[in-house]
Every structure is written in C-alpha cells, then in structure tokens.
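Protein chains in written order, with my numbering: chain A, 1190 to 1520; chain B, 1190 to 1520.
For the record, the hints were derived by calculation from the structure and aren't laboratory data.
Errors might be hidden in some of the hints.
[What the hints assert, rightly or not] Below, in silico cross-link-like pairs of lysine-lysine (DSSO-like), each with a Cα-Cα straight-line distance of 30 Å or less:
no., chain 1, residue 1, chain 2, residue 2
1, B, Lys-1191, A, Lys-1202
2, B, Lys-1347, A, Lys-1191
3, B, Lys-1347, A, Lys-1347
4, B, Lys-1202, B, Lys-1191
5, B, Lys-1322, B, Lys-1347
6, A, Lys-1202, B, Lys-1202
7, B, Lys-1384, A, Lys-1347
Quick caveat, the model's predicted, so the values are computed rather than measured.
Protein chains: 2
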Amino acid sequence: MKIALNGFGTVGKAFAQILQEKAQTLRQDYHLDIQIVAIHTRTRGTLYNPNGLDIKTVLTRNDYHDLPDATQEAFLSLITHDEIDAVVDVTPTDLQTGQPGLDVCRQALSAGKHAVLASKGALAVAFQELQSKAEQTRSHLLYEATVMAGTPAIRLAKQALAGCAITEARGILNGTTNYILTQMESGMTYADALKQAQQLGYAEPDPSGDVEGWDAAAKILILSAAIFGLELTLSDLDVTGITQITPEDIAAAQAAGERYKLIASITCDGGSVRPMRLPLTDPLANVNGATNAITYRTDLMGDITLIGAGAGPRQTGFALLSDLIDIHRRG
Amino acid sequence: MKIALNGFGTVGKAFAQILQEKAQTLRQDYHLDIQIVAIHTRTRGTLYNPNGLDIKTVLTRNDYHDLPDATQEAFLSLITHDEIDAVVDVTPTDLQTGQPGLDVCRQALSAGKHAVLASKGALAVAFQELQSKAEQTRSHLLYEATVMAGTPAIRLAKQALAGCAITEARGILNGTTNYILTQMESGMTYADALKQAQQLGYAEPDPSGDVEGWDAAAKILILSAAIFGLELTLSDLDVTGITQITPEDIAAAQAAGERYKLIASITCDGGSVRPMRLPLTDPLANVNGATNAITYRTDLMGDITLIGAGAGPRQTGFALLSDLIDIHRRG
Chain A
1190 MKIALNGFGT
1200 VGKAFAQILQ
1210 EKAQTLRQDY
1220 HLDIQIVAIH
1230 TRTRGTLYNP
1240 NGLDIKTVLT
1250 RNDYHDLPDA
1260 TQEAFLSLIT
1270 HDEIDAVVDV
1280 TPTDLQTGQP
1290 GLDVCRQALS
1300 AGKHAVLASK
1310 GALAVAFQEL
1320 QSKAEQTRSH
1330 LLYEATVMAG
1340 TPAIRLAKQA
1350 LAGCAITEAR
1360 GILNGTTNYI
1370 LTQMESGMTY
1380 ADALKQAQQL
1390 GYAEPDPSGD
1400 VEGWDAAAKI
1410 LILSAAIFGL
1420 ELTLSDLDVT
1430 GITQITPEDI
1440 AAAQAAGERY
1450 KLIASITCDG
1460 GSVRPMRLPL
1470 TDPLANVNGA
1480 TNAITYRTDL
1490 MGDITLIGAG
1500 AGPRQTGFAL
1510 LSDLIDIHRR
1520 G
Chain B
1190 MKIALNGFGT
1200 VGKAFAQILQ
1210 EKAQTLRQDY
1220 HLDIQIVAIH
1230 TRTRGTLYNP
1240 NGLDIKTVLT
1250 RNDYHDLPDA
1260 TQEAFLSLIT
1270 HDEIDAVVDV
1280 TPTDLQTGQP
1290 GLDVCRQALS
1300 AGKHAVLASK
1310 GALAVAFQEL
1320 QSKAEQTRSH
1330 LLYEATVMAG
1340 TPAIRLAKQA
1350 LAGCAITEAR
1360 GILNGTTNYI
1370 LTQMESGMTY
1380 ADALKQAQQL
1390 GYAEPDPSGD
1400 VEGWDAAAKI
1410 LILSAAIFGL
1420 ELTLSDLDVT
1430 GITQITPEDI
1440 AAAQAAGERY
1450 KLIASITCDG
1460 GSVRPMRLPL
1470 TDPLANVNGA
1480 TNAITYRTDL
1490 MGDITLIGAG
1500 AGPRQTGFAL
1510 LSDLIDIHRR
1520 G
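Excised from the complex, chain A in its bound form (with noise of 0.2 Å):
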C-alpha cells in the first residue's frame, strides 16, 4: 500500500515512526507492506519517490525540497499518480473552511484514493459530499483518527456495534476540558488549572476551541453524520464551554454526589455540547483527567461504554494505521 502524506507536524511524524516500528509486524500479521511516498507540508515543501521515501532519512530532516514545485497544486495533481493507494490527511484543522484537508481528500476520492483523516475540517463541512464521492469512485473514506484518537469510538459504533440500533452518542470527547475540570474537583481555580494544562501541552495557545466546546462539537459533527445520517453544521448545534463553571458550581455538585463534565451529545434530533452534573454511577462521571469516553445507547445491549486516550500524537496516529489496516482487511 503507497500512500501520500498531507501535513508533517507532530502527528504526522509519530505515525511515520509507528509504521517504521510496526513494519514487520504488519507484513506478518495482516500481510501489509505500507510505504509512504509522497509527504507535503504548507512551508517545507514537498517529499516524493514513488518507490517510497526512506522514512529514517525523512524524520531527521528539516527541509523537503526533494520537487521544485511544493504548491497544494502540484501535490493534488501528484496524489492522482498511479501507484498512490490513499492519502492521508494530518494537517491542522480550519473548521469553517475545512482546509487545506477539504480539497486534497476530494482529489483523492475523486481519482479512487482512499482518504484517510485526522484533520476534522473536512468532515465537518462536506461529510455527505465526501462519502458520496467515496461510494461513486468505490474508495473508502475512513476517519477513525478525528473522534478520540485511536480509541476505536467510530470502528466500535459502525462494525463492532452492526447490527444493533444505536439511539443516542454521548461522551467526554475533549481531553483538555476534562482535564481542567479534574484539576477543579480538587480545589484548583479555572485560571490556574487551564494554565496547567497549557504547560502540559494538553491546552493550546490560544485555548478558545477547546474551552468553548468547539473541538466537541466538531466531533459530534462527524458523529451525527457518520452513525445517524445527519447533516448539521456547528450552527445546529447547542455548545456551551466551561469557562463559566465556578469553583462554588463544582462544590455544589460535588456535596450532591455528582461530577461536572463537559457532555457532548447527540441522537437522531440533533447535538449538544454542555457541561452536565453527572451522577458518580454514571460510567462517564468516573472518567479523569485528558481521558475521553463515550457511551452508545442501543436497543439491544443497553449501554456500551468505551474508555480511553483522546489525543497525542502517536495515539492519533496508530488511529490512521488502524484506518489502513481496515481498507487493507476490506480488499
């Protein structure tokens, strides 16, 4: 399997790394050989040998002027080539324009590639386009990487889960809001704890995403879509942060035996993100700390709940090595 790679951050490079550690696994265990061929980045340029780029070489590198022409436009007519199977999408997400993803994942579906995606812009704009476009050209469209990482909520709801009627997705689904949450319960303020987490690298910069809830609504974005069939855009959506939650709110909560977290929700109606008390027997109420969760409501197992990390750059990138590994597995 060849792929091309838009985007070489931090996740980009942990995914390249994991599939230069797992090389041998792969070929012994699912028979898979993936090389990557392509890399574009927006600054250092663009990587290529269709033969596959040695991997090695490529992570001790600072710059990637291997093409004289490193535009988006020269790499969308060079994801197109021949021995390309997919591509795969790590670039920081714009959530209104769904850039720079959008137009290289509808170059790859429409030349037959399979897009694989980390980045949720895209999704979050043309999610019927793009799945349309995938069924059209019989290329798979996959983007288990953009809800919690590599813990598997979206290959748990459509494979695992076939078969049963899920009516209702709710989960903590942002790492950072949980965590300053967390840090609240005990006894921090909301300032100090976001500044912990900006230090840990859990909060950005610039922390407006995560803490009005935005991050979350993109995922239940690309939830509604994928499970109910939704079209909605973040306009439909209820979101409301955190930053308003107050150390006596968390007291409150805490003396009537309940946990403040920020619940991202939807059925077939629609979708929220807000934060909720929630009972301590709710399985989401025992979640701390940058874990994330989800639970799907069904018809016939009742609850189902899944646990685990939400983020980091080699979690998000063995979610696209499991992606890969699906199409592979798929034929």
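Take the given structure of chain A and dock chain B to it, following the hints.
Using the frame of chain A, we list chain B on its own:
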C-alpha cells in the same frame, strides 16, 4: 445465509426473535438475509426445512419432532447439507468435555461451514484444533457471545485495536459475582446477596460455576487463545472465587478508598481469576451490579476499557447476530 441452530433454550429463542425483528434492517443495511433451516434440541427433537423454518410458528411450538431421527448423529449429518452456510451453537457448556458443542463445531468446520458459538466448552477444550480446522477449510470460527455477551470485547481486541500490541487483558467477566460484591458494599451479607442474585435469575440454583470463578476462568481461556495464542487449560489458571470474602474485608477496602472486584486477568505468561482490591481511580472499580468490563493494556494506546452488559438472552443473541454480520462482511 442459511444457518442450523444447535440448542433452542432462552438464548436460542432470543436469537431467533432478534432475527425476526431485524430482518428488514439486515436486508436494507447489510444486504443480508438470514434464514434458520434447522433447529436441533437434545430433548425436544429436530426441526428442518431446507427453504427456511417459519420462526414465528416455531417460537410458539413445544414439540419439534419434524424429523423422525432426532439424535445428535442425525443432526451432525444434516449440518453438512449443501444449503447450510453456518452452524450456531447455543447449548449449555460443559467445561470439562466441551460437549455437546464440540462435536457439532468440529463437524461444521470440517464440512467448511462457519461456526458461531455462544457456548464456551468447545473453545475452552479445543480452541487451537478448531481454529486450525477453520483455517484449513477457509471457514470462520467466531465466538463474540462467549465473553461479555454482545459487548464486543473480542471484536475490539481482534479488529478495532488491530495494529496495537495488547500486553494484558483484565476484566470483570462475571456479572453474578459483581452483583454480589456490589450488594455486599451496601451492607448485605454474602449469603443474602447470593440469594437475591438467585431470585433475580443472575445466579444458578447451584452457583458454584460463578462464585468459585470457573465461569470467568473459561472466558480467560478463550481470551488467552484468541489474543495471545496460548494453549491453556483450566488447571493452568490460578482461580479463586468470592466465597471467602467477608463483610469485614469489604469494609476494610472501603475504608482504604478501594473496592473488591473479581478480576480475571491474562498476559502472554498466563492468567488468573481472583478477588482484588482496586483503587476507585481504576475504571473497573466503578463497574457495579451485573455489568461487565474489560481493560486492554496496549503498546500504542495505553489502557482501553469497554463496559457493558455481560449476560442476558437478548444480549447473547445480539452477539451471535454480530458474528453472522461479520462473516457476511468478510464475504
């Protein structure tokens, strides 16, 4: 897909009922049409119609003597018929002999029919033999129902986490004992909690298989073979039940901020079932009542925990259906 059903107790009937309820969905969503063409019971006879039995009628009948010869031998011969694609075994489990499911499973796989099991006996006794037979005849051996019923513990490990190395599995794999321990936490004695579990139908009149840990141990044998490729028998496992746990033990754990759980665990070095005191920060510590849970420790993702129902006729029936959907998807 035409299937033969070995056994028709509460699980078999719930499975047949689910097939009826989901017939339209299965056709629409998966282009899958499942027909039961044979049902064999040890005491009530054998039903057979190569064009498919009318399940609605069958569910209202008490006598199944369609065929004059209702012996297991006759059924073993019947399942080799051309029209049969898969055999589903829902007989009670004998963990020592693996019968009656073992002979049926051997015969099915030898004849190139897929085998889907809810019974643990055959796998606990002859996992590797059956797996090899399936590989030889290019048929599938699936058994999601045997561990945590329809909560997809096996599909999570084998499919959704493919690409991760699982280094340990530890879980609450028996709902009866977890229910008893939970009731003891709220002050009940072991004897009273057991009586209540029996009244609710969680525990058998002879509860030893549950409370002495053998049910969980059989599941550990299956997981150890499925995940780690080990060939263990019950006597290789270190098994302790919950019969010796006193109200004083429970109180001491509570005072230390911990909870007793009957933990079944397995690594590549072997497995055990024993009561353990878990800190409340462990996701397994917060799984109460008859609910089951499993935590996989992995190289790339750290800990991944799955929580859900671990028993029940409909939950087990769904597991059988999910295996059939999986076989259909593999084509």
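Okay, the hints, checked on the actual structure:
no. : hint                    : result
1   : B:Lys-1191 x A:Lys-1202 : violated, 48 Å
2   : B:Lys-1347 x A:Lys-1191 : holds, 24 Å
3   : B:Lys-1347 x A:Lys-1347 : holds, 15 Å
4   : B:Lys-1202 x B:Lys-1191 : holds, 17 Å
5   : B:Lys-1322 x B:Lys-1347 : holds, 19 Å
6   : A:Lys-1202 x B:Lys-1202 : violated, 52 Å
7   : B:Lys-1384 x A:Lys-1347 : violated, 40 Å
Consistency with the previously given hints fails for numbers 1, 6, 7, ordered from lowest to highest.
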